[in-house]
Each structure stands twice: as structure tokens, then as C-alpha cells.
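Visitor: Taken in sequence, the protein lines are chains A and B.
Counting along the first sequence from 1, when you hit position 15 you're at 15 in the numbering used here, and nothing is skipped either side.
Numbers in the numbering used here are just positions in the second sequence, counted from 1, shifted up by 326.
Derived by calculation from the structure, the hints in this document are not laboratory data.
Please note that a few of the clues may not be correct.
[To be verified] Which bits of chain A does chain B cover? Going by a derived footprint, with three or more residues having C-beta under 8 Å, they are:
#1 63-74
#2 84-95
[Said to hold, decoys possible] Some chain B residues close to chain A (C-beta under 7 Å, calculated; not the full set):
#3 A365
#4 R369
#5 L449
#6 I618
Just so you know, these numbers come straight off a predicted model, no measurement behind them.
Glycine included, C-beta positions come from ideal geometry on N, C-alpha and C.
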Amino acid sequence: MTRALEAVRTSAPGTNRPDLAIASRGLTKRFGGKAAVDAVDLVVPRGSVYGFLGPNGSGKTTTIRMLLGLVRPSAGTSSLLGERIPQGGQHVLPLVGSLVEGPAFHPYLSGRANLQRLDAADLTADPRTARQRIDTALDRVGLLAAAGKRYRAYSLGMRQRLAIAAALLRPRELLVLDEPTNGLDPQGTREVRHLVASLASDGTTVFVSSHLLSEVEQMCTHLGVMRDGRLVAQGSVSEVRGGAAPTARVLTEQPTVAAQILSQLGLSGVETVPGGVRGAPDGIAPERIVAALVEGGVGVKEFTVTSPSLEDLFLSLTGEGFDVSD
Amino acid sequence: MSATEPVLTDAPATTGRAGAPPRRRLSTRLLRSELRLIAGRRRNQMGLLVLAAVPVLIAVAVRISSPREGRGPDFLSSITSNGLFVPLAALGVELGLFLPLAIAMLAGDSVAGEANLGTLRYLLTVPVGRTRLLVTKYVSLMIGALWGVAVVVLAGSVAGIALFGTGPMLTLSGTEIPFGSAVWRVVLVSLYIAAGLAALGAVGLFISTLTEQPLAATVALMIFTILSWIADSVPQIAWLHPWLLVDQWMAFGDLLRDPPFWDNVSQGLWVDLAYAVVFGSLAWARFAGKDITS
Chain A
1 MTRALEAVRT SAPGTNRPDL AIASRGLTKR FGGKAAVDAV DLVVPRGSVY
51 GFLGPNGSGK TTTIRMLLGL VRPSAGTSSL LGERIPQGGQ HVLPLVGSLV
101 EGPAFHPYLS GRANLQRLDA ADLTADPRTA RQRIDTALDR VGLLAAAGKR
151 YRAYSLGMRQ RLAIAAALLR PRELLVLDEP TNGLDPQGTR EVRHLVASLA
201 SDGTTVFVSS HLLSEVEQMC THLGVMRDGR LVAQGSVSEV RGGAAPTARV
251 LTEQPTVAAQ ILSQLGLSGV ETVPGGVRGA PDGIAPERIV AALVEGGVGV
301 KEFTVTSPSL EDLFLSLTGE GFDVSD
Chain B
327 MSATEPVLTD APATTGRAGA PPRRRLSTRL LRSELRLIAG RRRNQMGLLV
377 LAAVPVLIAV AVRISSPREG RGPDFLSSIT SNGLFVPLAA LGVELGLFLP
427 LAIAMLAGDS VAGEANLGTL RYLLTVPVGR TRLLVTKYVS LMIGALWGVA
477 VVVLAGSVAG IALFGTGPML TLSGTEIPFG SAVWRVVLVS LYIAAGLAAL
527 GAVGLFISTL TEQPLAATVA LMIFTILSWI ADSVPQIAWL HPWLLVDQWM
577 AFGDLLRDPP FWDNVSQGLW VDLAYAVVFG SLAWARFAGK DITS
């Protein structure tokens with residue numbers, strides 16, 4: 001398993017590749033001697049939906065802050081859409097919508113007035129279309145009806161939606177969403193997933209962080225996993241998943257015979273388990289295994305081939321449950 | 327410094343799916359948004375009411391206590407023949423505490439307030455260049471200074487003229503000048519005081535980049551102001567006085583002489599400028615490379 005994961009870790013890329021929406025090389029941030037982010041080499045292809053996973057405190061937000069030019073790296077470089085950060089930030093950030101560490105707005109302004117302020121700050125935004133773009137963004141997150149209410153009166157979910165609306169004020173090539181489903185109810189979480197899917201289908205690259213695998217698992221094409229400031233796995237979902245071999249399991253009354261047949265077929269790691277046997281097929285087709293068992297006179301009650309769930313994989317990668325890293 | 331934001335050249339075209347390449351244009355939208363933010367905040371509106379209440383209070387108090395026509399001493403009746411003494415007296419009273427406090431509150435909000443709310447990170451990723459943000463914040467502080475002074479002067483003028491009329495003004499040199507000239511003197515005084523407050527705003531802006539607590543920045547700037555006043559009143563450290571921001575603030579009275587006496591005022595303006603440049607640069611040095619972790 002460890003060897004397979006090593007293979008998943010991509011070798012350090014150049015950070016100016018135009019085919020990458022986000023690239024970083026050796027990105028490191030130390031706070032008072034302790035590395036919050038330690039030599040992270042991110043490779044986020046354009047057009048991907050990249051799930052950036054890790055327990056709270058594993059360095060995801062600090063990484064995102066460095067990617068957006070809010071925090072200066074102690075070492076290493078990064079680029080967005082082929083532009084070095086922070087030098088190229090003023091050119092490229094208008095194409096990047098972001099949600100960083102939760103929503104933050106002026107409490108005594110309405111939701112709409114808050115978006116107007118952000119739009120006013122953007123020198124590349126056309127003031128003539130501001131009203132319409134703001135309403136479109138509010139509508140897209142289902143907040144149009146509450147647009148005139150003061151931000152102070154918004155619920156946590158509404159605040160989160162407003163922050164997402166801010167990221168959608170104009171067409172973006174890249175969205176960086178830090179814990180976008182935080183504070184949302186299951187319905188809201190589902191809506192965010194749909195939103196991300198529809199944005200991705202328009203060709204927008206989405207970089208979405210979460211400490212909950214289940215929230216991003218269904219929408220991502222690529223994954224990166226942080227643990228204690230290090231990127232411990234990265235790649236497409238199948239690459240990451242491929243790091244762990246599937247298991248074939250046979251329920252039978254004749255485990256000894258079955259184990260013999262499986263070993264002869266070339267399955268590895270064959271062992272007896274309560275009620276049957278199991279082993280890793282290593283690419284041998286399931287139907288061949290079943291046929292061989294039946295030919296060998298084994299009464300097969302049940303036959304399953306399962307890939308370990310991503311959840312199991314992440315638990316093994318992050319060492320513990322998704323708790324706070326220290 | 328003009329009220330417009332710095333001129334920016336067009337960004338190189340970044341082509342991509344998102345359509346038209348982002349092209350930057352000169353705009354005062356952020357500054358206007360900033361001013362709306364300041365003006366719309368309830369606390370600031372209350373602050374302006376307090377600033378406006380002081381001259382009204384002075385006008386009413388003097389009206390009630392002043393002797394009737396012909397019976398009192400000549401001097402007082404000369405002063406009270408022109409309502410413009412009210413805004414001038416109010417400025418003198420408010421320059422000690424209320425006007426610096428108003429600047430301190432705006433300065434606290436400017437960077438520390440945005441950091442405290444977390445809105446700073448969203449402004450910077452819009453993106454707003456850090457220098458542009460700082461310049462916009464400082465311009466809005468300067469406008470805020472002028473705004474505060476204008477409220478005191480307008481409220482004072484209205485109350486003063488309503489209660490005391492528009493007679494000739496008695497200058498500090500003992501001569502009388504006509505009402506029209508007196509108005510210009512009041513405008514000059516206002517600009518002079520606003521310049522001093524704007525310089526204080528630069529100190530406040532710097533302090534505001536040091537903390538994420540707007541109240542801490544406000545209190546720190548008030549401590550700075552009060553310590554300056556105290557130092558300025560201790561004769562044993564007279565050598566220090568020319569370097570203090572507040573040292574020549576009360577020299578606005580020199581503008582009410584006939585003819586105006588410029589020496590102290592111009593020295594005051596140089597000190598204002600020096601403070602604005604030094605603390606503006608410090609604010610920039612601090613803010614340009616700061617890690618935004620709020």
C-alpha cells in the first residue's frame with residue numbers, strides 16, 4: 001500500500017505549466033519554526049475538480065492562503081493559471097473566485113451591498129453590468145430573496161451562500177473553495193455539489209477543500225490529501241484509489257479447497273476468513289475465479305470483489321480519524 | 327494627493343475560457359464604496375451628531391449668558407456680533423479630544439477593522455493591490471478628516487449666525503474685518519485643522535496595520551494623541567515640541583489675526599506633511615509584505 005501511494009505522489013512539476021490551474025513546488029510555510037505547510041507540490045490540471053482533503057489543522061487553509069497570495073511562503077513557489085504568485089496575482093486573480101476560511105462580510109451592510117463593494121474593488125469588472133451580475137450570482141446560490149437583508153441577520157448557511165455568490169460575481173477560470181459546505185444543511189450541501197458540478201461542466205476548474213471526504217468524494221476528479229502539513233497523496237481519483245488493491249471474497253463451506261484453487265489461479269494474499277476465504281485478484285477477472293471455483297466443486301454461497309472505500313484509504317493516509325492534527 | 331486612485335496600466339491579456347481578458351481601468355469605485363461604508367455606519371453617524379452638538383451647545387450657552395445689548399463690556403459684545411466665533415470656538419474645543427477620536431475610530435476601522443471582520447482577505451483576493459488598498463484607505467481618512475471638521479464648522483456657523491447674526495468679526499489683533507472675509511478665514515482654519523487631522527490619520531493607518539483589533543488601534547491612536555498633548559505642555563522638554571504633531575495645531579488662531587500670521591501655521595503644515603510621509607511609508611512597509619492570516 002505504501003509503495004503504491006508513493007507512486008501516486010507526483011514528482012515536483014514546473015510551476016509555470018499553462019495546462020495546470022494550480023501548481024506549486026516545495027511550497028512551505030513555517031510559523032515560528034514549526035512547518036504548517038511542508039514542501040507541498042500541488043498539481044491541479046485545468047478542468048479538474050480537485051478535492052483537497054485533510055483533517056482540520058493539516059495545513060489546507062494556509063496552503064490556500066499562499067496560493068492566493070495572502071500569505072508569503074517561507075520557501076517554494078506556486079502559480080495560478082500559469083502566473084506566478086504573488087507577482088502575477090493582480091493579473092490572474094480576477095479569473096479566480098475564492099472562498100477562504102469561511103464567509104466574511106460587513107455585518108451592517110446587506111448581502112447585495114456587500115457584493116457591490118467587492119465588485120467595486122475589482123478594477124477589471126464592468127460597473128455597467130454590476131447590478132445584473134450581482135443579481136445573477138445571488139440567484140445562483142438562491143439568495144436573491146434575502147439580498148436586501150443585513151448580513152448580520154443571515155444564518156450561517158446564508159452567509160456561506162453569500163460567500164459562494166461573491167466567488168461567482170463574474171466568469172471564472174478557477175474557483176478555490178475552502179470548506180464550501182461548512183454550516184450548510186444536507187440540502188444546502190447537495191446544492192453546492194450540484195453547483196460545483198455545473199460549474200465544472202462549463203470548464204471551470206474547481207479546487208475544493210474539505211475535512212469531510214464524503215462531501216467531496218462524489219464530485220471530484222482529482223484528490224490531494226494533506227497530513228500534518230504534507231501532501232501524502234495526490235492524483236486522479238482512480239490513481240489514488242488504485243493505491244489500494246481490491247479484495248475478492250468467497251463465502252463457502254469448503255474454505256480449504258477454495259483457498260487452494262484461488263492460490264493456483266494466482267491470487268495473492270489468500271487467507272481463510274470466517275465463513276470463507278479472501279485474496280487479492282491482481283487483475284484476474286472475477287468470472288474466471290467463479291468458474292474455477294465451480295469447476296473445482298466448491299459450493300459458492302456468495303462471491304464479491306470490493307475496492308476498499310476511499311474513506312478507509314483516507315483513514316490510513318491520515319493516520320487517525322478526521323480529527324485535529326496537532 | 328488627489329482623490330482618485332493611482333493610474334494603472336492595462337494588464338497583459340490573459341486569455342481563457344472565462345471570456346474577455348481582464349482589463350484594468352482607472353476607477354474611483356472602491357473609494358466611493360469606502361466612503362459609503364464610512365457614511366453608512368450608524369456609529370459614525372452618531373459621532374458626527376456629537377461633533378455637531380458641541381458648537382450648538384456653545385452657541386446656546388453664550389447666547390443665554392451674554393449680557394444684553396449696550397450693558398455689557400464692549401469686547402464680548404464685539405465677539406458676539408458675528409456668529410462665526412461659534413465654529414471657531416467649537417473647533418478649538420473639539421481639537422483636543424473629539425476630532426482626534428473621530429479620526430481614531432475611522433483609522434481603527436480602516437485596516438484593523440477589515441482584518442477583524444475577515445473582509446480584508448476577500449478584498450485582497452478580488453484582487454485589490456495592497457498599495458492601492460492602502461492609498462484608498464488613506465484618501466478616505468483624509469476625506470473623513472475634512473468631513474468631521476466641515477460638520478463642526480457648518481453646524482457652528484448655522485447656530486452662530488442664527489443666534490448672533492452676520493456682523494463684522496473682531497480679529498485677535500483687535501481690528502474688525504467684514505463678514506465675507508471672516509468666512510474665508512473660517513475656511514482657512516478648517517483646512518488647516520483638517521490637514522493636522524489627516525496627518526494624525528496617517529499615524530492611525532500605520533497603527534491599524536499592526537493589529538487585527540480595531541478598538542486597539544483606536545485606543546492606541548488616542549494614547550498617541552493625548553501623550554503628544556501632554557508632552558507639548560511640559561516646558562522642560564521644549565526641545566521636543568517642534569517635533570510633536572499637535573504642537574502647532576492650536577496655531578489656527580494665527581489665521582484670525584489681521585493680517586494673518588503665517589510662521590507657526592506653515593511650520594505646522596510641514597510637521598503634518600512629515601508625519602503623513604513617515605507614517606504613510608511605515609504603513610506601506612508593514613502592510614505590503616504582511617501575512618494576512620485573519
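Visitor: Work down the list of hints and note, for each, if the structure agrees.
Guide: Hints and how they fare:
no., hint, result
1, 63-74, "holds (count 6)"
2, 84-95, "holds (count 7)"
3, A365, "violated, 12 Å"
4, R369, "violated, 9 Å"
5, L449, "holds, 6 Å"
6, I618, "holds, 4 Å"
The earlier numbered hints that this structure contradicts are 3 and 4.
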